[in-house]
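**Q** So the chains spell out like this:
Protein chains: 4
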Amino acid sequence: MERPVPSLKSDYPRVTRMPTRWADNDSYGHVNNVVYYSFFDTAVNRHLIESGVLDIAASPVIALVIETRCTYFSSVGFPDDLDLGLKVVKLGNSSVQYEIGLFKSTAETASAVGYFTHVYVDRQTNRPVAIPDSVRSVLSELQVAVQDKGN
Amino acid sequence: MERPVPSLKSDYPRVTRMPTRWADNDSYGHVNNVVYYSFFDTAVNRHLIESGVLDIAASPVIALVIETRCTYFSSVGFPDDLDLGLKVVKLGNSSVQYEIGLFKSTAETASAVGYFTHVYVDRQTNRPVAIPDSVRSVLSELQVAVQDKGN
Amino acid sequence: MERPVPSLKSDYPRVTRMPTRWADNDSYGHVNNVVYYSFFDTAVNRHLIESGVLDIAASPVIALVIETRCTYFSSVGFPDDLDLGLKVVKLGNSSVQYEIGLFKSTAETASAVGYFTHVYVDRQTNRPVAIPDSVRSVLSELQVAVQDKGN
Amino acid sequence: MERPVPSLKSDYPRVTRMPTRWADNDSYGHVNNVVYYSFFDTAVNRHLIESGVLDIAASPVIALVIETRCTYFSSVGFPDDLDLGLKVVKLGNSSVQYEIGLFKSTAETASAVGYFTHVYVDRQTNRPVAIPDSVRSVLSELQVAVQDKGN
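Chains as they are written, first to last, in this note's numbering: chain B, 5 to 155; chain Y, 5 to 155; chain G, 5 to 155; chain W, 5 to 155.
Just chain B, with the same shape it has in the complex (with noise of 0.2 angstroms):
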């Protein structure tokens, strides 16, 4: 499988700033691979909330994660501050995947790069549908003009 190389700060429209706890840290003082998961689905979802897309308790369509991936190229460690660049690779009916970099607060070069796909399905039936035309617009604004990094 090809390895992608570190993005840059600047190649995602949207970047959140987000803190490290003590906990993330495992046993040789770097934050855990398990843990960079954690940033990417509150990217994600924390996004989405804030656009007034997704509401956790009551939207009758949701999203379910089929496919994550993760590159990672240097370590990063608590108490570090972390900022993750978001932005979406493939906008396809059901399905989006969305690529995440993940920086140290002082760095323009990704520490790691992940990958995560969503798919829309219906609450009740767990059946997939289109994405709804509100979460597709805020996501279209997350796509950039130019896709310069295959994946």
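Don't read these hints as lab results, they were simulated from the structure. Note that CB positions come from ideal geometry on N, CA and C, so glycine has one too. Possibly wrong hints are sitting among the right ones.
[Unchecked claim] Ranges between beta-carbon positions, derived for each pair: (1) Y/S14 with W/I53: 41 to 49 angstroms; (2) Y/D126 with W/F77: 32 to 40 angstroms; (3) W/S109 with Y/T113: 25 to 33 angstroms; (4) Y/I53 with B/S55: 48 to 56 angstroms; (5) B/N97 with Y/Q147: 52 to 60 angstroms; (6) B/S14 with Y/G33: 34 to 42 angstroms.
Given chain B, put chains Y, G and W in place with the hints provided.
**A** Just chains Y, G and W now, kept in the frame of chain B:
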């Protein structure tokens, strides 16, 4: 505040085995203090589910955590297997306090002792209700005849 | 055991902002009781690191957690932003007890109040030692003149 | 990107039982996507420790995670017991890629399939080194004769 003494595995009417995970360890190479509480509410809720008196998705009455506490005597660390001892130390009208002893699988003396207090509420209104009879029956079996440790 | 009353944000000499994460929520849609402790040791250790008196990798004297406790008054949930208030309520020769108030960023009254006790030990021998003067100086600044709540 | 198909429990030379925890579930009542990775590095590292080729505190050569990936087929949830199937799909000079199948204990078809890539480095310099012979011997036993799934 009084500091409890380590309990013995034989003090508990129910003991369940629980493995640790790599991510449980923190920078000092031991299971992080936070993770102990994850063992506690797992031991409590798993017992309620296996006893047939808790359905996470559907129970009209649910238990909310109102107080937890843990005294740490000695460290444990991945890949230790742990034994969780469970007993009920206070059984009120709408609330119950559990004591949980956390042991290395190879030890008889506790590495940590925790307390965990649930109050039963109506799922819709969030108001306290009497512990349902079916639950109370399960909890009674976790009470130990002679209360040997003041708490 | 006495049940503490909710504290006020103004009771704490230091308050830090802490966002929640998607994975913090449990099946009931609220931040899981376990996660509160993750906020507590993050607030404590971050303050020590930022004050220049803790180097996780190199400090010859480290602090081990010997007791923690939390009383939960009302729920919080992702994507709430939280404020963590920190003060020192007991400062002994080798141990210190912190009180942490957990607040929604928009509230003045605590959603939860926790206690967190550290004992200082020699990193090699694990034997208790006097709190180093540099640390004691930082801790003293977290003591509040009039102890308004018995604990 | 190609989407893997669910594997079978019999595809894996080593399978270990792993219980879920209450806090593993998220707002939707299923094990959060993040937690799957916690099962993966637990399965890998536990096997290395039990095989006698990893000492977290003392090994002069350690393995760092450089890439992970997971495809989710169906949900699991606390209190499910899980089976983790482990095999090696690529064994290079300094790196190894594992495939992990995650199954309900009662199922033969995977709920999720993950990939986990370790690179061996010198603990002091962080520079890649050849996988030690003792480790390579353990990893070889996790290779399956006919590589039935391209990855």
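**Q** I want to verify a distance hint. Is the separation of the beta carbons of B/N97 and Y/Q147 within 52 to 60 angstroms?
**A** holds, 57 angstroms
**Q** Does 48 to 56 angstroms hold as the CB distance between Y/I53 and B/S55, or does it fail?
**A** violated, 37 angstroms
**Q** Within 25 to 33 angstroms: is that where the Cβ-Cβ distance between W/S109 and Y/T113 falls?
**A** Cβ of W/S109 to Cβ of Y/T113: about 31 angstroms, so the range 25 to 33 angstroms holds.
**Q** A range of 41 to 49 angstroms was offered for this pair. Does it hold for the Cβ distance of Y/S14 and W/I53?
**A** Roughly 29 angstroms apart at Cβ, these two residues miss the hinted range, so it is violated.
**Q** Is 32 to 40 angstroms respected by the C-beta to C-beta distance linking Y/D126 and W/F77?
**A** holds, 37 angstroms
**Q** Indicate whether the distance between the beta carbons of B/S14 and Y/G33 respects the range 34 to 42 angstroms.
**A** For Y/G33 against B/S14, whose Cβ atoms are near 38 angstroms apart, the range 34 to 42 angstroms holds.
Going through the hint list in order, the structure does not satisfy hints 1, 4.
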